[in-house]
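Take 1 as the starting number for the sequence shown in UniProt numbering and just add one per residue.
For the record, the hints were derived by calculation from the structure and aren't laboratory data. Not one of these hints is a red herring.
Straight-line alpha carbon distances no greater than 27 angstroms define the calculated BS3-like cross-link-like pairs of lysine-lysine that follow:
1) Lys164 - Lys94
2) Lys276 - Lys230
3) Lys52 - Lys147
4) Lys164 - Lys52
5) Lys111 - Lys94
6) Lys94 - Lys222
7) Lys15 - Lys129
8) Lys276 - Lys222
9) Lys129 - Lys111
10) Lys222 - Lys129
11) Lys111 - Lys52
12) Lys129 - Lys94
13) Lys147 - Lys164
14) Lys227 - Lys276
15) Lys111 - Lys222
16) Lys164 - Lys222
17) Lys276 - Lys229
18) Lys94 - Lys52
19) Lys52 - Lys129
Between beta-carbon pairs, the in silico distance windows are:
20) Gln51 - Thr281: 53 to 61 angstroms
21) Leu123 - Asn282: 47 to 55 angstroms
22) Glu93 - Pro225: 31 to 39 angstroms
23) Glu24 - Phe166: 23 to 31 angstroms
24) Leu97 - Lys230: 35 to 43 angstroms
25) Asp270 - Lys147: 37 to 45 angstroms
All C-beta atoms in this analysis are idealised placements derived from N, C-alpha and C, irrespective of residue type, glycine included.
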Amino acid sequence: MNRITESYAVHAEMKPDQIAIIDEQESITYQDWYERVQRSAQWLQGTVHQQKRIAFLLLSNGASFLQIFAGAAYAGWTAVPLDPRWSHEECVEKLLLSEADLAIIEDRLIKRFEQGSVDMPLLSLSEWKERMSLLTDSPYNSCDTEKDPVFYMGFTSGSTGSPKAFIRRQQSWIESFQMTAASFGITHQDHALILGTLLSSHFLYGAISTLYFGGTVTLLEKFVPVKAKKALETGDITVMYTVPTMTETLLQIEAYREDNPLLVMSSGADWSVSSKEQLVTNYPHVTFFFLILWHIRVKFCLLFVFK
Numbered sequence: 001m002n003r004i005t006e007s008y009a010v011h012a013e014m015k016p017d018q019i020a021i022i023d024e025q026e027s028i029t030y031q032d033w034y035e036r037v038q039r040s041a042q043w044l045q046g047t048v049h050q051q052k053r054i055a056f057l058l059l060s061n062g063a064s065f066l067q068i069f070a071g072a073a074y075a076g077w078t079a080v081p082l083d084p085r086w087s088h089e090e091c092v093e094k095l096l097l098s099e100a101d102l103a104i105i106e107d108r109l110i111k112r113f114e115q116g117s118v119d120m121p122l123l124s125l126s127e128w129k130e131r132m133s134l135l136t137d138s139p140y141n142s143c144d145t146e147k148d149p150v151f152y153m154g155f156t157s158g159s160t161g162s163p164k165a166f167i168r169r170q171q172s173w174i175e176s177f178q179m180t181a182a183s184f185g186i187t188h189q190d191h192a193l194i195l196g197t198l199l200s201s202h203f204l205y206g207a208i209s210t211l212y213f214g215g216t217v218t219l220l221e222k223f224v225p226v227k228a229k230k231a232l233e234t235g236d237i238t239v240m241y242t243v244p245t246m247t248e249t250l251l252q253i254e255a256y257r258e259d260n261p262l263l264v265m266s267s268g269a270d271w272s273v274s275s276k277e278q279l280v281t282n283y284p285h286v287t288f289f290f291l292i293l294w295h296i297r298v299k300f301c302l303l304f305v306f307k
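Starting from the given sequences, assemble the full structure and let the hints guide the process.
Next comes the structure, spelled out in structure tokens:
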């Protein structure tokens, strides 16, 4: 059965020392990344409560978010990221509706949940990391038999009403990875900068697809223009996932290098005409793609290309 994590073992064997993920706390090689994902999957399979095989994540951007998400996919579980900006009541409502088996919550947010407010194990991120450290590195043996399990449940932004839930199956994203490679030429040699929250399917897809290809992912905990500019100034970034408001902010602070080829993958609306014209005129080495991610199946629809 195919998994969005299926290439990690090959990357770990072929290029163990290549950097897979850079966040604001650490850099992780592919060897380390593969081992971390395996440990996460091993831990999930060993939990007592796994009736639905659903794990909630209430976490900020970082390597831990991606590790838990990828570990869940590896184990055949469904990961459900929740937005820290939601109220306690909104989070509890989604926890109860999904009948999740457990939730892993940012340390600073765990106090939101009173003891007994939800009938499931609630772990702080620190507790989860401690449990990971106690696991031995042994080969992970999957007992999952479902051919194409749901691995991701997300929620719409709620801009037109209450947030709506949507699900993704592994094969749909694998097909989209293949389409990304064919349409945009993204490969294992690329270094992707993820500017936005992993709660957005656009930014999450950017990170997970890059890891599937064997490239490098740089994550910002949150969008800070000067930090994004600093990352671009290294000259290592070849792909950037963004939305129009971020794109325009970076234009205002002259974050784009004039001599560095850059592929910009943008999702969203409200990109001004003047901004588009400025990009085309001032940065001929930058290619901008506008994309739509449909919620039935992740498929790309190319709206505009600026080069």
